[in-house]
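Numbered per the working numbering, the sequence shown spans residues 708 to 871.
There could be a bad hint or two in this list.
Label pairs and their computed distance ranges (CB to CB) [claimed, not checked]:
| id | residue 1 | residue 2 | range |
| --- | --- | --- | --- |
| 1 | Asn795 | Leu719 | 27 to 35 Å |
| 2 | Val817 | Gln731 | 35 to 43 Å |
| 3 | Gln841 | Ser755 | 13 to 21 Å |
| 4 | Arg853 | Glu716 | 24 to 32 Å |
| 5 | Val735 | His860 | 17 to 25 Å |
| 6 | Ala794 | Leu850 | 41 to 49 Å |
| 7 | Thr802 | Pro717 | 19 to 27 Å |
| 8 | Val735 | Ser814 | 42 to 50 Å |
| 9 | Gln759 | Asp823 | 23 to 31 Å |
| 10 | Gln841 | His800 | 18 to 26 Å |
Hints in this document: simulated from the structure, not taken from any laboratory.
Every residue, glycine too, gets a C-beta built ideally from N, C-alpha and C.
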Amino acid sequence: MPITLDDVEPELSDAETAFRHGGQESEVGLEVADAGLVQLRKACRSLSGADQLLTDGYYTLAIEAVFTSIEKTFMFWLIHEGHQDPANPPQSHTTAINRSAEAGFISEEVASRLDDLWTENRAQTYYQDGMPTQERAETMLTLSTRIHRQVVHLASQSHECICD
Numbered sequence: 708m709p710i711t712l713d714d715v716e717p718e719l720s721d722a723e724t725a726f727r728h729g730g731q732e733s734e735v736g737l738e739v740a741d742a743g744l745v746q747l748r749k750a751c752r753s754l755s756g757a758d759q760l761l762t763d764g765y766y767t768l769a770i771e772a773v774f775t776s777i778e779k780t781f782m783f784w785l786i787h788e789g790h791q792d793p794a795n796p797p798q799s800h801t802t803a804i805n806r807s808a809e810a811g812f813i814s815e816e817v818a819s820r821l822d823d824l825w826t827e828n829r830a831q832t833y834y835q836d837g838m839p840t841q842e843r844a845e846t847m848l849t850l851s852t853r854i855h856r857q858v859v860h861l862a863s864q865s866h867e868c869i870c871d
C-alpha cells in the first residue's frame with residue numbers, strides 16, 4: 708500500500724510552510740549576505756559536523772558531511788572569484804570540482820581523482836553496499852580539512868572562516 712497524503716499531510720504541510728516563510732532563526736555564523744561566504748561557512752559547519760559525527764561513530768554521515776564540505780569549499784572559491792553565478796546553482800555534486808579545474812584552480816588530475824572518489828565511494832557508501840568505516844571517515848575528514856584550509860588560505864579569507 709503506498710503512502711498517501713493522509714499519512715503525512717500535517718507534517719508535509721508544516722515542512723513546506725517552514726521553507727516558504729522567512730523570519731526564522733538562522734544558524735549562527737551563516738547570517739552573511741555574500742553568497743560565497745555562505746558556502747564557505749557551510750563548509751566549515753560540515754567539517755565541524757563531520758568531526759562530531761565521526762566521534763559519535765556515525766561514519767556514513769561523517770563521510771557525507773566531508774564530501775559536502777569539499778563541494779561547498781570549491782563553490783565558495785568559484786563564487787568568490789566570479790566563476791559561478793550564485794543564482795544558478797550547480798546541477799551535480801561534482802560540478803564545483805570540475806569547474807574549479809576548468810578555471811585552473813585545481814589540476815585536472817586532482818579534479819579527476821576527486822570526481823572518481825565522489826562517484827565511486829560517496830554514492831556507494833551512502834546509497835549502495837559500500838561499508839562506511841572509521842578509517843574511511845577519518846581519511847576523508849583529513850582530506851576535506853586540508854582542501855578547506857588550502858582554499859581559504861589561497862583566497863585570503865581566513866578571517867571569514869568559522870572553523871573551530
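Distance restraint hint 17 to 25 Å, applied to the beta-carbon atoms of Val735 and His860: holds, 24 Å
Arg853 paired with Glu716, Cβ distance criterion 24 to 32 Å: Since the Cβ atoms of Arg853 and Glu716 sit about 46 Å apart, the hinted range of 24 to 32 Å is violated.
When you take the CB atoms of Gln759 and Asp823, is the distance between them in 23 to 31 Å? Taking Cβ atoms as reference, Gln759 and Asp823 lie about 28 Å apart, which means the hint holds.
Within 27 to 35 Å: is that where the Cβ-Cβ distance between Asn795 and Leu719 falls? holds, 28 Å
Indicate whether the distance between the beta carbons of Val817 and Gln731 respects the range 35 to 43 Å. holds, 38 Å
Do Gln841 and His800 keep their Cβ atoms within the hinted range of 18 to 26 Å? Between Gln841 and His800, where Cβ atoms are some 23 Å apart, the hint holds.
Range first: 42 to 50 Å. Now tell me if the beta carbons of Val735 and Ser814 are that far apart. violated, 36 Å
Range first: 19 to 27 Å. Now tell me if the beta carbons of Thr802 and Pro717 are that far apart. The hint (19 to 27 Å, Cβ to Cβ) is violated, given that Thr802 and Pro717 are roughly 36 Å apart.
Taking the Cβ atom of Gln841 and the Cβ atom of Ser755, is their distance within the range 13 to 21 Å? At roughly 18 Å between Cβ atoms, Ser755 and Gln841 fall inside 13 to 21 Å, so the hint holds.
Can you tell me whether the CB distance of Ala794 to Leu850 sits inside 41 to 49 Å? Cβ of Ala794 to Cβ of Leu850: about 30 Å, so the range 41 to 49 Å is violated.
The earlier numbered hints that this structure contradicts are 4, 6, 7 and 8.
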